[in-house]
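Listed here are the chains, written in short residue letters.
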Amino acid sequence: MSIAEKILQRINRPDLVRILSEELTPSELNSLLLEVFDRQTDRISPAELLQHYQKNRFVKPADLNVTALQELETRLLRIFETFQFRAVELSPVAPLGSCSVVATADQKKILSALRGTEVLADATNALALHCSDLKKTGQWQPVLPTDPLRFSTIQRHVRTPKVAIPGHTQHFKIAALVSSGRDTGHFQFEKESLAEHIAVMTAVLRDTLRVDALRFKLIQREGTDGGRLPEVVKDHILQLRKDVVMETETSPSRENSYYKGLQYKVMATIRGQEYEIGDGGFVDWTQQLLQNKKERFLITGLGVEMLFRLLS
Amino acid sequence: MNQGRVIYEDEAEPHFRLAYPSPALAVFVEYYFEVNQPATLSNPLYLNALPNLANLVCISLTTQSWLTINQKNGTVKTIQGSRFFGNLTDLHTSIYPAGVHEFYVKFKPGMLGKLLRFQNIEVENANTDLSAFIRSDEWEDRLQTAASFNARVNLVEMMLLQRTQAVELDYRFQVVQRTLHYFAKQGINQRLNLPSICRELGVSYPSLHRYFTEALGYSPKYCQKLLRFKHALQLYKRHGSRYPFEDAGYTDFSHFLKDTRQLTQRLPSDL
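From first to last, the protein sequence lines are chains A and B.
Going by UniProt numbering, the first sequence opens with residue 1, and the numbers climb by one from there.
Going by UniProt numbering, the second sequence opens with residue 1, and the numbers climb by one from there.
The shape of chain A in the complex, shown without the other chains (with noise of 0.2 Å):
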């Protein structure tokens, strides 16, 4: 039996969850609900509000030294921004379900919140609507149809599920990098811009930051591709740059249904130890989010404040 069913029998309610979920439109569960925390709100005192403070793991602030992180941020959007990757600056909340409802994301490690609305768990789902929004709105029209979009943020995610490993905080910050292109045959899109994405994490990781060794693992994954798309895409990557370490692999280890066709890890070595500083991969939300399948999205994660820590 789950916390909820729990909850619903012992206030002798079984339907409520039903009702809630089913028969009220979201513009009537919010109102509801913004009623239930006005009341709850009004029964809390200062003191109590302290001690909520104090308990709740979301909502302490990160333990670091602000200006040398900003400085840090500033020295990464500037570099996105040099490869073509426009900044953004994200709203904290993005539409209830932006991440689960496209994705292999569970709702429950995601922070939902009131208005319709989530506390951001992962930018490149936000990034998704926005370039979705820009192309289905006609504010974006390609000069050819091979461009693709490319923005970049830097922002703070909130996921709920507890923290187990010491350091690892449930905020954090997190560099993103997406592009969105359409097919065109040859792989054309997918060769193209992962090595634009991996071009610039080069940037950053090795030439700016000079961690002491950096390299990029490719990783097949389920795709519509019949499986070719690493070893295609690692070919056209160490044509054009012979500096890049790359390897593939092809029978992973652990399932993964989250990319589709490739999905890739950014590993970095930094004062000998190596670490798993970025993720990333094809994903088939402007698919979705479009309803056309010739729509192709790429994403890149870069754990900014796990990099800060590591580097100071």
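Keep in mind that the hints were calculated from the coordinates and are not lab data.
Worth double-checking, as some hints may not be accurate.
[As the list claims (entries may be wrong)] Counterexamples of contact, computed for chain B against chain A with all Cβ distances above 12 Å:
| # | residue |
| --- | --- |
| 1 | Q37 |
| 2 | L50 |
| 3 | V203 |
[Said to hold, decoys possible] Where chain A lies over chain B, by a calculated footprint (3+ residues, C-beta under 8 Å):
| # | segment |
| --- | --- |
| 4 | 66–80 |
| 5 | 86–100 |
Every residue gets a Cβ at the ideal spot worked out from N, C-alpha and C, and that includes glycine.
Fit chain B to the known structure of chain A by using the hints.
Coordinates of chain B only, in the frame set by chain A:
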């Protein structure tokens, strides 16, 4: 590993053009050059700028931005538009994700300071908007519309000639320039060490040291070290580590290696 490369004056580059100044400007200008090299976001162009004594005026011929990274302290700058570059004490790597098309005037050490009235040491590692020094919009308009590299050289020569006529170079500054000329020849005639150069010029080393500090902000030994290193690195790139580095003014290859590490924090093969 691709960590950028140094372009030398005599490199036969399809994307690199170079021209020497007319005799009237030869005192002020080392040379003019233009880099016009395409690149893509997925395969950006990496170029290295060695520590040097020269001041450069860079006229951007495109609107593309690029990155420059100080390899000693990691400072990253995003650059766009025409620039003024001061003399460098550290290795700088430039990354051009969308190619580069820029026209440069490389001035002889200390000469741009004479023209624009600043002390050389004040612009150490400077990388600033050119408009802080000159009417760069006027330069940009004229050079961007010029049809070719040669046309740009002619235009810049005309603009510079007007400015250089009013500049007077005193005896001390001339001694510094003559010493630098000897340093540049050190690979050809290695007997020209500092005591012999002082004898040739009829100055004591303390006087020469004072003249250098006044004109450039550095000691003669440091300046000699920079010029010797640039020349030796070129020889290394042509001939490898087997080249007799004694001919370039070093004790041996290890001496050259030590200087490379000290000046650039890198191995010569990474430059």
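>> For a quick check of understanding: which of the numbered hints are violated here, in increasing order?
In response: The structure conflicts with no hint, since it agrees with every one listed earlier.
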